Amino acid sequence: MLKMNIRNKLYLAFGAMIALLVITSVIINVTSSRLSEANKAVIEQGDFESQMKTFQKQHADWINALSDHIFVGAEFSKTLNPRECGFGKWYYSYMESEEFKNEEPEKARLMKSLEEPHRHLHEGGASVIEEMNAGHKANAMKFYQENTIPVITKLDGIYSELVDNARDVIEKRKVDAATSESAQRTLVLLTTLFGILLGVAIAFFLSRNIVAAVQQMVTAIKNIARGDLSKKVELNRSDELGEMAHELNNMISDLSKLVGDVVVSSESVANAADQISAGNQELSQRTQEQASALEETAATIEEMASTIKQNAENARNANMLAKDASDLAQNGGQVVEETVASMGEVSDASKKIADIIDVVNEIAFQTNLLALNAAVEAARAGEQGKGFAVVAGEVRNLAQRSAEAAKEIQELIKDSVGKVDKGNKLVEESGKTLKSIIDSIHKVAETVSEISSASQEQATGIDQVNKAVTMMDDVVQQNAALVEESAAASQSLALEAEELQKSMAFFIVTNDASLKREERTSGERKPRLTLINKAQQREPAKVRAKAAGAEDLDIETEEEFEEF
Amino acid sequence: MDKLKGINQAISNGAGDQFVTFTLGEEEYGVEVLKVQEIIGYQRFTKVPSVPSFVKGVLNLRGSVVPVLDLRLKFNMAYREYDNFTVILILEVQERVIGVIVDAVSDVVNLSPDDIQQTPDFSSGIRVDFIKGMGRMDEKLIIILDIDRILSSSELALLDVA
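Chains as they are written, first to last, in UniProt numbering: chain D, 1 to 564; chain B, 1 to 162.
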């Protein structure tokens with residue numbers, strides 16, 4: 001009984017009660033149906049009795065009609081066929097029906113015994129009618145007296161017996177019904193009593209069985225509610241409550257595990273919050289540094305902007321200067337051209353002078369020749385020619401002097417022409433130089449204008465950079481604000497983590513769970529430790545490798561370097 | 001003025017010979033003044049075929065035909081273009097009149113015999129017989145030519161033909 005689960009127990013209990021109810025109702029039903037059957041039989045027997053009496057009367061009428069026919073000579077209108085009279089019709093259908101087969105033996109015997117006298121009666125009637133039709137009234141009377149009357153008497157007797165039998169049956173049924181009614185009453189009383197007893201027993205048992213366990217469970221749940229997760233429910237049952245206790249235990253262990261996890265997590269969160277806080281501080285510092293750097297950048301950019309502006313200004317000035325220089329150079333070019341023209345004129349004049357000098361030279365030459373000839377002649381003339389020789393010498397002297405002067409002039413002219421040529425060349429060169437100067441100045445002007453436009457672009461670029469720096473400044477400010485917020489958030493996070501830890505202290509967990517927690521925390525920290533160990537182990541490994549051999553050492557150091 | 005003095009001196013002395021000096025290239029040459037008939041400027045002359053290269057042609061000098069030779073070419077010096085100052089000396093050589101083209105005429109100078117030195121001896125293979133001597137005048141030397149010996153008789157005959 002204890003091994004069953006509650007559902008089955010309840011099924012069993014309510015099944016027993018239902019069975020009792022069913023038994024009771026069956027008893028009531030059976031007895032009441034018996035009573036109603038008895039009543040029905042009484043009514044049926046009543047009906048049967050009156051029917052029999054009607055048939056008796058019909059046959060009495062039939063006999064009276066026959067006697068009237070014999071004795072009075074009245075027409076006989078009744079049937080002579082035993083199957084066509086009222087009784088006959090009913091009787092033969094009844095005898096073939098199921099009803100008859102189920103009839104009691106006494107009644108059935110009596111009903112069977114009815115057939116022969118009834119048939120005899122109607123056959124007798126036919127014989128009487130035959131005798132009467134043959135005119136044998138006496139034979140008819142005799143036959144009537146000797147056959148028909150005894151038959152109808154017998155038939156009446158059987159009818160009476162049937163009626164009596166029916167009355168007996170009714171009486172018997174009435175007695176049966178009374179007996180079964182009393183028995184039913186007793187039975188119903190007994191079953192009700194049993195039912196009450198059973199119900200009380202079941203209620204007691206079930207309440208005792210279930211409530212104790214439920215109370216135990218309630219205690220456990222109260223413990224959980226208080227945060228005590230160290231106690232388990234001790235309930236060794238195989239039913240639903242046992243299952244419930246088991247699940248509750250599972251829940252407790254899960255919860256304590258969860259609490260442990262949460263405690264660990266809250267510690268982690270607290271640590272993380274601390275780290276975030278530290279990081280925020282650093283971030284804040286860096287943001288400040290960034291801001292100051294940005295400020296410096298902005299100042300530098302401003303300086304640059306002013307420099308660029310000055311540059312542009314200078315470029316403009318240079319452009320103007322270049323233009324002036326170009327104008328001047330052009331003027332110089334004109335002057336050079338004029339100079340060239342003047343030099344040409346000088347050159348022309350020199351040439352003319354040279355021509356004249358040529359003429360003078362020619363005259364001097366001729367004079368010289370004449371003088372020489374005169375000298376020759378004078379030499380030939382001897383003493384007489386002396387005076388002439390003197391004159392000739394003077395003439396020759398003059399001629400030579402004029403030739404020398406002409407020569408000097410020629411040289412001077414030549415020199416001046418050469419100088420003019422040289423001057424021409426120089427002027428040409430200077431013209432070229434001026435032209436190239438103009439070109440250069442143009443180029444300079446172009447370059448300067450390019451510089452100017454570049455400076456303009458630079459200025460716009462610097463503007464953009466300035467804007468960007470301003471934006472960056474804004475962003476840095478926002479960053480600073482965010483960092484502050486974040487610092488506040490991390491602080492509150494730390495507080496929350498502390499709160500959480502405090503809250504988690506509410507839970508009391510078994511050593512089992514706390515042990516698990518410690519395992520977990522140590523497991524979490526282990527990797528870091530092992531990492532450190534690995535890092536420490538690396539150096540000695542390398543030292544060992546160095547000791548191993550020179551080649552290895554080279555490779556190792558190279559690798560190391562690459563790693564570095 | 002010095003030259004004038006020299007001439008005057010020569011004239012007064014009557015002892016020294018007078019020379020007409022001319023230039024060929026860098027050097028100054030002299031011929032006796034009495035050999036010189038006339039000094040004329042360069043003028044066109046008629047070229048004569050199949051004569052030695054130094055014979056340039058013939059000149060019509062106031063009706064008489066005078067052969068002209070280039071002294072540069074005769075002395076195997078480089079040919080020089082003739083210009084306005086080129087001079088032709090009309091000389092009397094062995095009773096013949098010839099024209100000699102020189103670069104320019106310098107002067108008529110008086111040289112005393114003291115001023116004239118003998119021609120220095122070169123090796124025997126070189127012809128120097130047409131040089132009469134070296135006239136010293138101030139710092140420079142004047143090559144005094146013996147004009148009669150410059151031209152060989154065959155050459156003179158050739159000039160006659162011309």
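Calculated directly from the structure, the hints in this document are not laboratory data. These numbers were taken from a predicted model, which means no experiment stands behind them. Hints may be right or wrong, so weigh each one.
With a straight-line cut-off of 30 Å between C-alpha atoms, the simulated BS3-like cross-links for lysine-lysine are [unchecked claim]: (1) Lys78/D / Lys89/D; (2) Lys140/B / Lys414/D; (3) Lys74/B / Lys386/D; (4) Lys407/D / Lys140/B.
Tested hints:
Our distance criterion of 30 Å between C-alpha atoms is met by Lys78/D and Lys89/D, whose separation comes to about 14 Å. In summary, the hint linking Lys140/B to Lys414/D is supported, as the alpha carbons are separated by about 29 Å, within the 30 Å threshold. For the proposed pair Lys74/B and Lys386/D, the alpha carbon gap of about 35 Å is over 30 Å, so the pair is violated. Only pairs whose Cα atoms come within 30 Å are accepted, and Lys407/D paired with Lys140/B is accepted, the gap being roughly 22 Å.
Hint compliance for this structure: hint 3 alone is broken.
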